[in-house]
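Student: Chains as they are written, first to last, in numbering that gives the first Met the number 0: chain A, 0 to 354; chain B, 0 to 359; chain C, 0 to 322.
Everything labelled a hint here was simulated from the structure, so no lab data went into it.
Just so you know, not all the hints are guaranteed correct.
Unchecked claim - Among the chain A residues that face chain B by a calculated CB cut under 8 angstroms, a handful are:
hint	residue
1	Q16
2	E56
3	A69
4	A205
5	L229
Claimed, not checked - Computed cross-link-like contacts, SDA-like style, restricted to lysine to any residue with a CA-CA straight-line distance of at most 25 angstroms:
hint	chain 1	residue 1	chain 2	residue 2
6	B	K133	B	Q119
7	B	K95	C	D196
8	B	K16	C	G202
9	A	K213	B	K16
From the three backbone atoms N, C-alpha and C, an ideal C-beta is built for every residue, glycine too.
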Amino acid sequence: MMTHLLEPDVVMNDSGQTVLEVRDLDVDIRTPKGTVRVVRGVGFTARRGQTLALLGESGCGKSMTAKAIAGLLDPVASVAGGHAFLDGKDLNTMSARERREVAGPGLGIVFQDALTALNPVYTIGTQLGEAFRIHRGASRKQAKAEAIDLMRRVGIPEPETRVNSYPHQFSGGMRQRILIAMAVALSPRLLIADEPTTALDVTVQAQIMQLLRKLRSEEDMAVVLITHDLSVVAEEADDVCVMYAGNVVEQGSVRTVFAEPTHPYTKGLLESVPGDSVRGQGLSSIPGSPPELNKIPAGCVYQDRCPLVAQICRDERPQLRPTGPRQRAACHFAERVGQETVSQTGVVSVEEENQ
Amino acid sequence: MNTQETGAEPGNVLEVKDLTKTFHVSAGAAGTRELRALDGINLTVRKGETLGLVGESGCGKSTLARTLMMLEQPDAGTVRFEGQDPFGLRGRELLKWRRRVQMVFQDPFASLNARMSAGQIISEPFATHKDLYKGAAAKARRLNELLELVGMRSSDAAKSPQEFSGGQRQRIGIARALALDPDLIILDEPVSALDLSVQAQVLNLLNDLQRELGVSYIFISHDLSVVRHVTDRVAVMYLGRIIETGTTRDVFDHPLHPYTASLMSASPKLDPAKRPAQRIVLQGELPSPLDPPSGCRFRTRCWKAQAICRTERPAAQTREEAGLVSLGMPDAGPPQFPHQTECHFPIASAAEAGLVPAGN
Amino acid sequence: MTQTHSGTASAQPKRSRAEQLGRPSMWRMLLRDRFATLAALILTFVTLTAVFGPALMGELATRQDLMFMNKPPFDPSNGWAYILGSDSLGRSMLARMVVATRTTLMVAVPAVLLAMVIGSLWGVWAGYHRGRRENISMRLADIIMSFPSLLLAVVVLYVFSPSAANIVLILAITRIPIYMRTARAESAELQSRTFVDAARTFGTRPNAIIVRHVIPVVTPTLLTLATLEFCFVMLAESSLSFLGIGIQPPDVSWGLMVAQGRQYLQTAWWLSILPGLAIVITAVAANMLAAWMRIATDPSQRWRLTLDKATTKAFKKVIKDAK
């Protein structure tokens, strides 16, 4: 297996600001066919008051990474190696009990599907107040008062009456607000938001993003935003980690990575966004589709879709290396990415997809 | 309803007038309540063009698609397909009409029967339209032709849908819609379930097919950047009504309705230079269609709403009629498709629409 | 060309795991699953017994020998005929069980099949069309369900003769609603699926859609249900026999044997336990086979049955050769 050790990155890791540091995280899924590594050597840092985006397409391992950090992996999945330091304490070596004590109040998480994340048989007040009752030993009355306060903070109108409503009585956007309220109830140091707006309409998405921004600065939290939407990353995040087939292929500040991508995948993604392209013009697209996780080729993970591919890409997996100020990429030819066309226009047939 | 040919404008494939559809929703002990999913829809699709249908979930765009596909019966209004009313057709005539309008569905997983092979799925329409391709050889030939058209191999026909990725499955869905050689395809969010890199492939395929086959599309989507890329004209829906319509360029560059403007303004932009300096973030969410606001339906979320918006439903007016033509906006759309909106106080400038980039 | 990328690499690798295996033959998949193979063997054995057993046993099943009353089973000194013991009239349990196999299957199999076919088709039809057809059908099912089935059986079988055909009919009618409810629920859910909508947009008629899209999906569930019902029907038949309106002696069924042996439970346990075991083993085997079939007929589940790497390779070769 190929791993890479992240050397402490001087530029990206100013101590004191760091809330979460993930190093060489590996996650395995046990399948009947054998163990599949779905996250491989992922490392990043999330800092106070800033947003780090984990960006990638479905199946790239971004959600798995977040679940591993939050200790919410499915029973078939397990952390196979690496560390996740929350305020300097390694979550991966903790006992379940320690974890609850540290991660319970220190880490909040917001899921994509707000309806299934809420229990339909309890009122919103009960569910919001639960955290206070468990971690702060609050009384029923106090918990309810705290719940109302939270609802006000996340912008739910008439919290005094709505505190007694049930989840189904709220709209999708309101439910997402409630989930966010639950996640920030105990003023966590780190908020993980897993595709928080994917199920929502554009106008509501804008509201939720506004709310997350507001809470981030109020609470001075670090936010890890998991998304597949490049535009959302461009607008909301400070740093970005681009993931492909379980690996981080490029990371750095959003501004530099998006302006001058040094990995062909990042560049291909950026070119695929329709943007302002005019009707009739061919859209750029990346040929093919991502490899299955149990069939990841040796060498570079992106070799099958990459126009820059050479023999070295098949033989040797590129390590993340600095490619610019506050920017690192895992590509043998990172320096060439800027000059080359990495996507193609026009119709791609499946033959080409399968090359 | 009559089936006689009415005076259809030449070049128009589809003409919809005042289409209304009401659902009866059970409301517990109170009996049923009316949900007006479509409230007087007017639209036209010309031959070989793409009409975009934009709106948030619950605005009625999927109901409109289902009604046009005759999966739902409208309460009122007319649908004319090259002058013919499909709802008046029976038997063979109806079957013949079915060939001309087809649909591609949003979810490439749910819309293909997992128990059939790709080939069976694509040639399923032939089982209903038995007289179209006579004999196994003709059917096989057509199947290969279709597979080639959507960029797949003939050996793919034997595989089951599980063996394909999302983008390839959507190609199968498109091939199935093309099987009967239709004149109009309704694309219901055809790429919103796909990953970005694959999405572009499918959009390019759709564009190429249109050029090659001259088929018309109704493209339903909530993704504005996609709509801008593939459509000739756009209709924006809100709570069962089309509140703004015009050529894609007109609507995107100079939105007239505050709702359209807020949609454009709220959607995140990749390029920092294009981000609006002043973003419009609407308050609240879509009101319940069971209890729509009086007058203008958008007034509860509109920052320009005044007393008249509560009492009077705005009539459709063009930019010229609204007195906004003097602002020097270039090329109003072709005369038969004016840029019009249903609003008492249409947006006058790009600045008001929240579309002036921060860079300027 | 490598076939590496034609599957989805989404978060659910399950979906694509079956890929490249094509459609391995049912036979091979059956042999790969030890439990399913065992179940199939048991069912084959039971069927063969029902077909050829009575002829082989000849007179043995009815020959009484009062010197050989209530002999316990598994005592080789009694000879092979009494290896499963003897009943209160000194008849060979082995021979009686063999003969009873035929009667049991001749009642249970047609009863289950009849109820399944009628109930499923009715349920699928009602669920597909919804509305009034569904409501009336389901109220009818409720009426049948709420009417005590034993009472119905007693009335019918007293009025008509308690022949095997009438028993089959009664058992079938009272169990129709079970299939109907399941079939209706699944069909109602299926008719709202997108691929059914797609078929509607081609102008496909409801009956064709039901045959093409609904029945293949519903069948495995109903087959599993039917195997459970198999057990129930055998026991129901035994309670009819207990009331004297079921299988009439000298005919014998497993259910009747259980019923007759009940009074000797403390002195001669084998009289009811052995036929009871026969019922349970047959039903469990049927159920296991149904569970396997459910997976084997579902393309998205089929990969579970083809996990072994060597076998996978062999399949690929077979498929390649076939092409």
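Student: Against this structure, judge whether each hint is valid.
Tutor: Now for the hints, and whether the structure bears them out:
At a threshold of 8 angstroms, the smallest CB-CB gap from Q16(A) to chain B is about 24 angstroms, leaving the interface hint violated. Hint on E56(A) holds. Least Cβ distance to chain B is approximately 4 angstroms, under the 8 angstroms limit. For A69(A), the interface hint is violated, since its Cβ never comes within 8 angstroms of a Cβ in chain B; the closest pair sits about 24 angstroms apart. Interface hint status for A205(A): upheld, as the beta-carbon distance to the closest one in chain B is roughly 4 angstroms, under 8 angstroms.
Below 8 angstroms, beta-carbon pairs count as interface contacts, and L229(A) has one with chain B at about 6 angstroms; its hint therefore holds. Of the pairs offered as hints, the one joining K133(B) and Q119(B) holds, with about 16 angstroms between alpha carbons and a cut-off of 25 angstroms not exceeded. For a cut-off of 25 angstroms, the pair hint linking K95(B) to D196(C) stands: about 18 angstroms separates their Cα positions. Restraint check: the Cα-Cα separation between K16(B) and G202(C) comes to about 24 angstroms, which is no more than 25 angstroms; the hinted pair holds.
Simply put, K213(A) and K16(B) have alpha-carbon atoms about 46 angstroms apart, too far for the 25 angstroms limit, and the pair is violated.
Of the numbered hints listed earlier, those contradicted by the structure are 1, 3 and 9.
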